[in-house]
Amino acid sequence: MNKELKILAIIIVLVGITYWGIEPYAHSVMHPHHEPATFAYEDLKPLKVKGNAQKGAQAIINNGCTGCHSIKSQNIPAPMDPVSASASYGVNPPDLSLIGAVVDPKFLANFIKNPAHAALLDHKFNDKKPYPMPGFFGSEQDLADIVAYLVSIAPKEVSEKEAFEVGCGRCHNLRYDNWTVIGEKPKFKSKVEEADFELKLAQYEENLKNYLGTTPPDLSMFIRSRGPEYIRDFIENPQKILHGTAMPRVGLTEEATEKVVAHLEKVGDRKKDKRNFLGIWVIGYFIIFAVLAYLWKKKIWAEVE
Amino acid sequence: MAHFEKANSVYEWLDQRLALDKLWKVLAAEYWIPKNINFLWAMGVVLMTMFTILVISGIFLLMYYKPDTKLAFDSVNYTIMQEVWFGWLWRHMHAVAASVVFLVIYIHMLTGIYYASYKRGREMIWISGMLLFVTFSAEAFSGYMLPWGQMSYWAAQVITNLFGGIPFIGDDLVIWIRGNFYVSDPTLTRFFMLHVFLMPIIIMMIIGLHFYTLRIPHVNNQDGEEIDFDAEAEKYKAGLKKEAKVIPFWPVFLSKDFFVLGVFMIFYFYLVFYHYDFAMDPINFDPADPMKTPPHIYPEWYFLWSYEVLRGFFFDVGPFSAMDMGLIAFGIANVIFFFLPWFDKNDEVAPASRRGGFFIWFWLLVADMIILTIWGKLPPTGFNAYIGYVAAVGFLALFAALPALTAGRKGLLKFVIATTVVLFIAGFLEYTKTLGNGFIITLLFLVFYALFFLSPVIVKRVSGGAR
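Sequences listed follow chains Z and X, in order.
Residue 219 in my numbering sits at position 219 of the first sequence, with consecutive numbering throughout.
Residue 407 in my numbering sits at position 102 of the second sequence, with consecutive numbering throughout.
Hints are computed from structural coordinates only; laboratory data are not their basis.
Treat the hints with caution; some may be incorrect.
Listed next, the in silico DSS-like pairs over lysine-lysine satisfying Cα-Cα at most 25 Å (straight line) [as the list claims (entries may be wrong)]: (1) K45(Z) - K113(Z); (2) K3(Z) - K546(X); (3) K297(Z) - K542(X); (4) K6(Z) - K299(Z); (5) K375(X) - K191(Z); (6) K597(X) - K240(Z); (7) K597(X) - K371(X); (8) K542(X) - K299(Z).
Quick caveat, the model's predicted, so the values are computed rather than measured.
Whole structure, please, built from the sequences with the hints as guidance.
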C-alpha cells in the first residue's frame with residue numbers, strides 16, 4: 001500500500017509540473033499580465049460645472065445632436081435608416097435613449113467634447129481623416145447640461161441585452177442570439193423580405209469594414225474564447241490589451257460591463273448552471289462507486305493475500 | 306454435425322451453441338494475471354473505459370455534427386452545445402476524454418518501460434501498444450480539426466505542411482492529404498471520415514491484437530519474475546489462493562481495477578465539469594479564419610514533446626538546414642519507441658530501480674520529455690529556443706546511447722557522446738552569436754552532460770546493471 005501511494009505521489013508531482021508548465025506558466029508568458037480594469041477613466045477630466053437636465057433638453061437640439069442621433073424614448077426619430085447612416089458615417093450613430101444608463105457620465109462628457117481622444121483612437125483619426133462625430137465646441141455649461149439631460153432620460157435599470165445592444169451591438173453581431181449589427185433578425189414572411197434584410201446587413205457590414213479596416217468579430221462564443229475577465233478589461237480599455245486595435249473605448253460603466261458579460265455568458269455558455277449542478281452529482285456518484293469498489297476489492301483480495 | 310441435447314434453460318441452449326462457459330473461462334475466470342502488481346497495472350482497464358466513453362460520446366456527437374466548413378463550427382458550438390439535450394455534456398466528455406486518454410497512455414507506456422515489459426517475449430505487446438499510440442494520435446489529430454476553430458485550422462495547416470519536407474514527393478503528398486492546395490472543405494471532410502470511420506475501426510482491431518499479444522507471454526509483474534503460469538494456475542484452482550502467484554482476471558484483478566477506475570473517474574469528471582480549458586483550448590472557440598494567423602500556434606499538449614523535437618533544431622549546422630534536421634529528428638522521435646526492445650541490449654526483465662544505469666536513463670527520459678512538453682508550448686524565442694535545442698538533442702542522444710549503455714559498449718557510447726558534444730558546440734556558437742553570452746547555455750549543457758556521463762559510471766558500480 002505504501003509503495004502504491006509513493007508511486008501515486010510521483011505521478012501527481014510529475015503531472016503537476018507538466019500541467020503547470022503548459023497551462024498557467026505558458027499562458028502567463030503568451031498573454032502578458034495587465035492591470036485589471038478599474039472603470040475610473042482616470043485619464044479623463046471631470047466637468048467643473050453642474051448640469052441642468054431641463055436646459056440640456058434644449059441644448060441637445062440647438063447643438064445639432066439630433067441631426068444624426070435618434071432619441072426614441074423622447075419621440076425623436078432617426079434621420080436616416082442604419083444602412084444609409086453607415087454609408088455616411090461608417091457606423092450607425094447610436095440612439096441616445098439609454099446612453100446615460102450604460103456610459104459613464106464623465107466619459108460621456110469627454111467623448112462629446114473630443115470623441116477620438118476619449119475613444120483612444122487618436123492614432124486613427126486626425127485633421128485629414130476626422131472622426132465621423134465632430135467635437136463639441138460649445139460652452140462647458142452646455143456640455144454639462146446635455147450630459148445631465150441624457151442621464152435624466154435614461155431608465156434607472158437596463159437589461160443585460162440592452163446593455164449589449166447599446167454598448168456593442170452596432171458593430172458586433174451575436175448570431176447565437178439572432179442579433180445583427182442592424183438589429184434583431186426578424187421572422188421573415190417571404191423570401192423577398194429575407195433577401196432584402198440580408199442585403200441591408202451586407203451593405204452595412206461592408207460600410208463598417210471600410211470604416212474600421214476590419215470586420216468586428218461576432219461575439220457569440222467570446223465568453224468561451226476570451227473569458228469574462230478578458231472581455232471586462234478589454235471593454236474598459238481596448239488599447240491596453242490589443243494595442244492598435246480599431247475598437248474604440250466605449251466608456252461603459254462597471255455595472256453595464258458586467259451586464260454585457262452576463263449577456264454574452266447567457267448566449268455563449270447557456271448550460272453553465274446545468275453543468276455546475278450536474279457535476280456535483282456525477283462526482284458524488286463516483287465517490288460512492290470508488291468506496292464500494294474499494295470495499296469489494298478488500299473482500300476479494302482478503303482471500304488471495 | 307455435432308450432437309445436441311435438448312436444453313433445459315436459455316443459458317444452456319446458448320452454452321451448447323456458443324460454449325459460453327468455456328469462453329468466460331478463457332476470457333476472464335481463468336485468464337491469469339500475476340498477483341504481484343500495483344495500481345499501474347490497472348491503466349489498461351482505465352484506457353479501455355476511456356476509449357468506450359470516447360466511442361459512445363462520439364456516436365451522440367456524430368448525430369448532430371456537420372462536416373462542412375460553413376456549418377461545422379456552429380453545429381458544434383450552437384447545435385450540440387446549446388440546443389441538443391445534454392449535447393454539452395457529451396462534447397465535454399468527448400473532448401476531455403480525448404485529452405486525458407493520452408495522459409493514461411503515457412503512464413501506461415512509461416510503466417512498460419520502467420518494468421522492462423517490452424522484451425523477452427513481450428515485444429509484440431509493446432509493438433501493438435505503440436501502434437495504438439500512433440493510431441490514437443491520428444485519431445486525436447483528425448478529431449481536433451472537426452470543430453473548425455482557429456486552432457483546428459492552423460494546427461492542420463502547420464502539421465500537414467510538415468509532409469512537404471519529405472524528399473521528392475513532399476509537395477504532392479501535402480496536396481494529396483489536404484485534397485486541395487490549402488486546408489479547406491475537402492480536408493475537413495476527409496479528416497471527418499478518418500476520425501469517425503477508418504481510424505476507430507483500425508484502433509478497435511489493434512486493441513484486439515494488443516489483448517491477444519498478452520496471451521502467450523502473459524502480463525509482467527512488479528519484480529519481473531518469471532512465473533510458470535500453468536503451475537500457478539493449478540495451485541489457485543486447487544484452492545491454494547494465498548500461495549499461488551497468480552489471480553484470475555475476474556473477479557480478483559478487476560475488483561482492484563474497478564477501485565482504481567472509480568478514483569480516476571472522480572478526477573475525470575471533475576475535469577469534464579469544472580476544469581476543461583486545458584482540453585478545450587479557448588482559442589478554438591474562435592471560428593477558423595484563414596486570413597488571421599493566431600499569434601501562438603501549438604498542438605494539443607500530448608503532441609508537444611515531439612513538436613519540440615521538431616522545433617528544437619532552429620539553426621543550420623554546417624551543411625544541414627534547420628528544417629531538414631528538425632524533420633528528421635521529428636521522424637525519429639515518432640518511431641523510435643517502436644524499436645525500444647532492440648535498443649535495449651540487456652535481456653534482463655526487472656524494474657528500472659534494479660537495473661543500474663537504466664534507472665538513470667529512464668528518469669532522464671521522463672525529465673527530458675517533460676521539458677520538451679513545456680518548452681513545446683512556450684514561444685520559441687530567445688533563451689527558450691536553446692532549452693528546446695538541448696532537450697531535443699538530449700532526446701535523440703538518450704536513444705542513441707541506449708544500446709551502448711545496455712550492452713556495456715564503451716566505444717560506442719563515446720561516439721554518441723562525441724556527436725552530442727559537436728551538436729552542443731554548434732548550439733553554443735549559435736548562442737554566442739545571437740545572444741552574446743554563452744555562459745548559461747554552457748552551464749545547461751554541463752548539467753545535462755554530468756547526468757549523461759554519470760549513467761555509464763553508475764552502471765559499472767551497481768550490480769545487476771548492464772554488463
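* To do: Determine which of the earlier numbered hints do not hold for this structure and return their numbers in increasing order.
  => none
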